[in-house]
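S.K.: Starting from the known structure of chain A, arrange chain B on it as the hints suggest.
Protein chains: 2
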Amino acid sequence: MSSQAKAALQEIRDAVEIELADFLTAQSNYLTSISSDLAPVSQALSSFLLDSGKRLRPLFAYSGYLSAGAKVEGPVIKAIASLELLQACALIHDDLMDGSDTRRGKPSIHRHFESMHVQDELEGFAPAYGLAAAVLLGDLALVWSNQMLNVAGLSSQQIHDVLPIHDEMRTELMAGQFLDIHEQTQKTVDLDRSTKIARYKSGKYTIERPLHIGAALSGKHTPELLSVLSAYGLPLGEAFQYRDDLLGVFGDPSVTGKPAGDDLREGKRTVLIALTDKASTQSMREESKKYFGAPDLDSRGISILQEMITSSGAKEKMEFMINELTEQALTAVESELIDESAHPLLLELAKIATKRST
Amino acid sequence: MSSQAKAALQEIRDAVEIELADFLTAQSNYLTSISSDLAPVSQALSSFLLDSGKRLRPLFAYSGYLSAGAKVEGPVIKAIASLELLQACALIHDDLMDGSDTRRGKPSIHRHFESMHVQDELEGFAPAYGLAAAVLLGDLALVWSNQMLNVAGLSSQQIHDVLPIHDEMRTELMAGQFLDIHEQTQKTVDLDRSTKIARYKSGKYTIERPLHIGAALSGKHTPELLSVLSAYGLPLGEAFQYRDDLLGVFGDPSVTGKPAGDDLREGKRTVLIALTDKASTQSMREESKKYFGAPDLDSRGISILQEMITSSGAKEKMEFMINELTEQALTAVESELIDESAHPLLLELAKIATKRST
Chain A
81 MSSQAKAALQ
91 EIRDAVEIEL
101 ADFLTAQSNY
111 LTSISSDLAP
121 VSQALSSFLL
131 DSGKRLRPLF
141 AYSGYLSAGA
151 KVEGPVIKAI
161 ASLELLQACA
171 LIHDDLMDGS
181 DTRRGKPSIH
191 RHFESMHVQD
201 ELEGFAPAYG
211 LAAAVLLGDL
221 ALVWSNQMLN
231 VAGLSSQQIH
241 DVLPIHDEMR
251 TELMAGQFLD
261 IHEQTQKTVD
271 LDRSTKIARY
281 KSGKYTIERP
291 LHIGAALSGK
301 HTPELLSVLS
311 AYGLPLGEAF
321 QYRDDLLGVF
331 GDPSVTGKPA
341 GDDLREGKRT
351 VLIALTDKAS
361 TQSMREESKK
371 YFGAPDLDSR
381 GISILQEMIT
391 SSGAKEKMEF
401 MINELTEQAL
411 TAVESELIDE
421 SAHPLLLELA
431 KIATKRST
Chain B
81 MSSQAKAALQ
91 EIRDAVEIEL
101 ADFLTAQSNY
111 LTSISSDLAP
121 VSQALSSFLL
131 DSGKRLRPLF
141 AYSGYLSAGA
151 KVEGPVIKAI
161 ASLELLQACA
171 LIHDDLMDGS
181 DTRRGKPSIH
191 RHFESMHVQD
201 ELEGFAPAYG
211 LAAAVLLGDL
221 ALVWSNQMLN
231 VAGLSSQQIH
241 DVLPIHDEMR
251 TELMAGQFLD
261 IHEQTQKTVD
271 LDRSTKIARY
281 KSGKYTIERP
291 LHIGAALSGK
301 HTPELLSVLS
311 AYGLPLGEAF
321 QYRDDLLGVF
331 GDPSVTGKPA
341 GDDLREGKRT
351 VLIALTDKAS
361 TQSMREESKK
371 YFGAPDLDSR
381 GISILQEMIT
391 SSGAKEKMEF
401 MINELTEQAL
411 TAVESELIDE
421 SAHPLLLELA
431 KIATKRST
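Chains A and B, in that order, give the protein sequences. For the working numbering, count along the first sequence from 1 and bump the result up by 80. For the working numbering, count along the second sequence from 1 and bump the result up by 80.
With the rest of the complex left out, here is chain A:
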């Protein structure tokens, strides 16, 4: 069952990949028809987008479509593939805001253009060039995600049904991102605030809304179906974010493609950190302040913080919460409103979202 679902997901991933490659080739030709100086832009976006990524948002959208009992047709794959371009915008701008050097083991976009500036001995200040390129490539990815959806070949009815959800999802994404950077400026950590950020950044943006978009594309998106999809998507999205937070602290750099303890160096106030703080004494809090968020945090400091998080019980509690939330999600799948054809995918996706190491 699971291996069949895995194969089905891989088939969709491949179809998404083909649509993305086609679209990017056309856009790349368009850009170079304006000026050959734009070649590095489409090259960088193609290399960022193709041959990598879990394609989670298109996969959830596809499952949302199946959940409504519809049979997937051509334009739908192209429409849901566009979510990967939106995600590219989010990641490119996120790496810039966080000052992250790498993404999936490769240089982040701002570092990539910064290096090109140095290598080609260009005029001006290389980091400023990197910043500007990352801002514009993220903007372009955002515009293109919209364009790809527009040119997918959807019917007027599908466009009419999907745009409101798509617009709301994008506002929720930016709102979640702002709350996240705002949280890093607060003097205290707060479980409620961090939980809300996890809900918006991941529960809604990564899972619930893609499912809704898929359902809307089918035209069979009753309020009841949308609400069952939320009952699956919201807890699963939260669990997804908590797995992400655990990987940001305990993940293996050779697998995640990010430096060890990256979130600790950044001082990211996640639910994991809020739970640790809650279980800490004042002296432990003082001690952790020496390391948490230190830009020069070394492996010794990382070990100390990892040990504090583990011994506070926060790590275990997070694993427990991930299990609980995943169980909630799986219970929702049993609803008779969800077409059987979607079951194997929704179950497999729940595993991928919560039991991953990257």
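Wrong hints could be hidden among the right ones.
Intra- or inter-copy, both count: the list cannot distinguish identical chains.
[Claimed, not checked] Capping the alpha-carbon separation at 35 Å, the derived lysine-lysine pairs in DSBU-like fashion look like this:
hint, residue 1, residue 2
1, K358, K86
2, K358, K151
3, K370, K276
4, K267, K186
5, K276, K431
Hints were generated in silico from the structure; no laboratory data involved.
M.R.: For chain B alone, kept in the frame of chain A given last:
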């Protein structure tokens, strides 16, 4: 005639203002329903967008609509007002990329959030917070411009007609912006390259495409009409950019709301600079390098560069080109394909675009 046109333009500006204020109020309520921590986001965007700006893009779109001989109805104003949100994205991200401290005499968005960080004694590094806020507010403005167009109440046919032009305009904008920042990294200045940037950033994005969007909304956008609108819009847009470049060097800070000689301090390679370079001897080029692009450029350095530009004949040549291009645009207006009702507005807008001091 001109005063009637002025009054008509002001009426459209007022209507655009009302639509923007309405939309922003609704979005602001939505954001604060997510979290009160998002209040600064909508406040900053409202203060950035309302009560300021020339509203050029909506005005050109309106004129494009009239050019087709259509009578403007409710949803059209809301649809064309959305162009101001796209422009807000462009300006917010532009100021961040250029490191500009001010916009229309007020702090730029990244500086605004940086100051809030300092004032509220928040944790972390204030400029990093300013950067992140500017990235996200620009993204949000881009998403909202799209949403405002989507919810304007257009018919399916109007949506179908306008989206391809809208998508192309946004790609052209980002392409023009990238070519602009790329140009600043080149060892040589180049008249052809700088002219192309002016054409994409202003000819197409500011004038031609808004005219086309207006025409498309009317449903009467024959290829012939679009091509006459291009014959007006492209030269006028180029002239608009050259006026901008002159103001960036010779503008009065009390009127432009930007520091004197801002473009000189930034080392912006405009057509004006390319013309100066072309008319300079090698020793003059060496001399100008001491000042051009120096971050600490003072009023003496600005005067020296201004004098070089003037005495090279480049300033005069630019004024000549602005006149020539404007004449070309005005000739295009005489086409019988353009409905008479649009004439006064197109003539007045040509004045506003090229004879302004801000």
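S.K.: All hints, please: hold or fail.
M.R.: Against the structure, the hints come out as follows:
{"no.": "1", "hint": "K358 with K86", "result": "neither (39 Å within a copy, 63 Å between copies)"}
{"no.": "2", "hint": "K358 with K151", "result": "neither (48 Å within a copy, 64 Å between copies)"}
{"no.": "3", "hint": "K370 with K276", "result": "within (27 Å within a copy, 53 Å between copies)"}
{"no.": "4", "hint": "K267 with K186", "result": "both (33 Å within a copy, 29 Å between copies)"}
{"no.": "5", "hint": "K276 with K431", "result": "within (23 Å within a copy, 51 Å between copies)"}
Consistency note: the structure conflicts with the earlier hints numbered 1, 2.
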